[in-house]
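Undergrad: One-letter residues, chain by chain:
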Amino acid sequence: MTYFDLASPIVTPKKLECAVFSWASGGLNNACPLTQIAHNWTTAPVLTAGSDGLTLPAGYYMVTAYVYASRSGSSNCEFQLFVSSVSVGVAGSTDVYNNVAHTDQADAEFSVSSSDTLELKITGVESSIPSITTNSRLVVWRIAS
Amino acid sequence: MSYIQPGLGTSSPFAQLRITTAAGLGVTQWDTQSQTWVSIYNVADGNCIMWGLVAVVANSSSTGVGSLQFTSTSDQYLYGQYEQGTAASRANSGEVMISYGTNATYATSSVTGSSPEIDNSRNRCMLMRLEA
Numbered sequence: 006m007t008y009f010d011l012a013s014p015i016v017t018p019k020k021l022e023c024a025v026f027s028w029a030s031g032g033l034n035n036a037c038p039l040t041q042i043a044h045n046w047t048t049a050p051v052l053t054a055g056s057d058g059l060t061l062p063a064g065y066y067m068v069t070a071y072v073y074a075s076r077s078g079s080s081n082c083e084f085q086l087f088v089s090s091v092s093v094g095v096a097g098s099t100d101v102y103n104n105v106a107h108t109d110q111a112d113a114e115f116s117v118s119s120s121d122t123l124e125l126k127i128t129g130v131e132s133s134i135p136s137i138t139t140n141s142r143l144v145v146w147r148i149a150s
Numbered sequence: 535m536s537y538i539q540p541g542l543g544t545s546s547p548f549a550q551l552r553i554t555t556a557a558g559l560g561v562t563q564w565d566t567q568s569q570t571w572v573s574i575y576n577v578a579d580g581n582c583i584m585w586g587l588v589a590v591v592a593n594s595s596s597t598g599v600g601s602l603q604f605t606s607t608s609d610q611y612l613y614g615q616y617e618q619g620t621a622a623s624r625a626n627s628g629e630v631m632i633s634y635g636t637n638a639t640y641a642t643s644s645v646t647g648s649s650p651e652i653d654n655s656r657n658r659c660m661l662m663r664l665e666a
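For the protein sequence lines, the chains are X and L, in the order given. Remember, our numbering sits 5 above the position in the first sequence when you count from 1. Remember, our numbering sits 534 above the position in the second sequence when you count from 1.
No wet-lab data here; the hints were simulated from the structure. Virtual Cβ for every residue (Gly too), placed ideally from N, Cα, C. Among the clues, some could well be false.
Chain L is nowhere near these chain X residues, computed Cβ spacing over 10 Å in every case [as the list claims (entries may be wrong)]:
id: 1; residue: Ala-29
id: 2; residue: His-44
id: 3; residue: Thr-47
id: 4; residue: Gln-110
Simulated coverage check for chain X against chain L, where a stretch passes if three residues somewhere in it have a Cβ under 8 Å from a Cβ of chain L [what the hints assert, rightly or not]:
id: 5; segment: 31 to 40
id: 6; segment: 51 to 59
id: 7; segment: 112 to 126
Take these sequences, add in the hints, and give me the full structure.
TA: Written out as structure tokens, the structure is:
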């Protein structure tokens, strides 16, 4: 998929890029560790030291975090995306109804003018943090600005 | 797939619709948009892939349902559900709704039990603009 900027005197194709990571619990209010699964970014995604943050080059971003958790009782948590330590978008949570687990995602849309760091943090716990499995995903869509 | 996308060099092709005011039952509207090419009146300048979540807040032992509707596919609804009897008033969403088009209408309805209490902090519609 390619975008073109007609406002520019030179028509420059812009590529819709996507990167997919799995994430694990980092504990309450800590950045969650990320593991890269796949990407089509022109320049490969760079994780921060400790692999608990993603370096974001300048661009437009849409990010979604999906959770897959093994849980029981009221073992639930809420999670949110952060850019340079500032919360962005809408929180997600583990979710249960009549003991049938559902998933709820965190979503955010934002721009990066130079360089920032994206983090995913568990921001709330009900009873205890459930077991976050390796099926949990962080999907980062971007277009260079 | 390649195509010409006027204006996207100076604005994001990604957008988010939110609602921050208390919502009663019936069709209402978003009140916050993150990009100027999409309006709170549910019309985007160009077709988009859209996905949305509606969330409602647990309230004692009552049950209720909130809904999110994409008008381009009016027969499809997204339901949020009350979670009953939890210590914390939690918000749930049953499923994600995905559609393609230019309209995403936020609506609430009481399908089961008492009126749903919409969780305005978490309802959202995400849009990825694909063509003008």
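Undergrad: A separate judgement is required for each hint: does it hold in the structure or not?
TA: Now the hints, each set against the structure:
no.: 1; hint: Ala-29; result: holds (22 Å)
no.: 2; hint: His-44; result: holds (17 Å)
no.: 3; hint: Thr-47; result: holds (15 Å)
no.: 4; hint: Gln-110; result: violated (7 Å)
no.: 5; hint: 31 to 40; result: violated (count 0)
no.: 6; hint: 51 to 59; result: violated (count 0)
no.: 7; hint: 112 to 126; result: holds (count 4)
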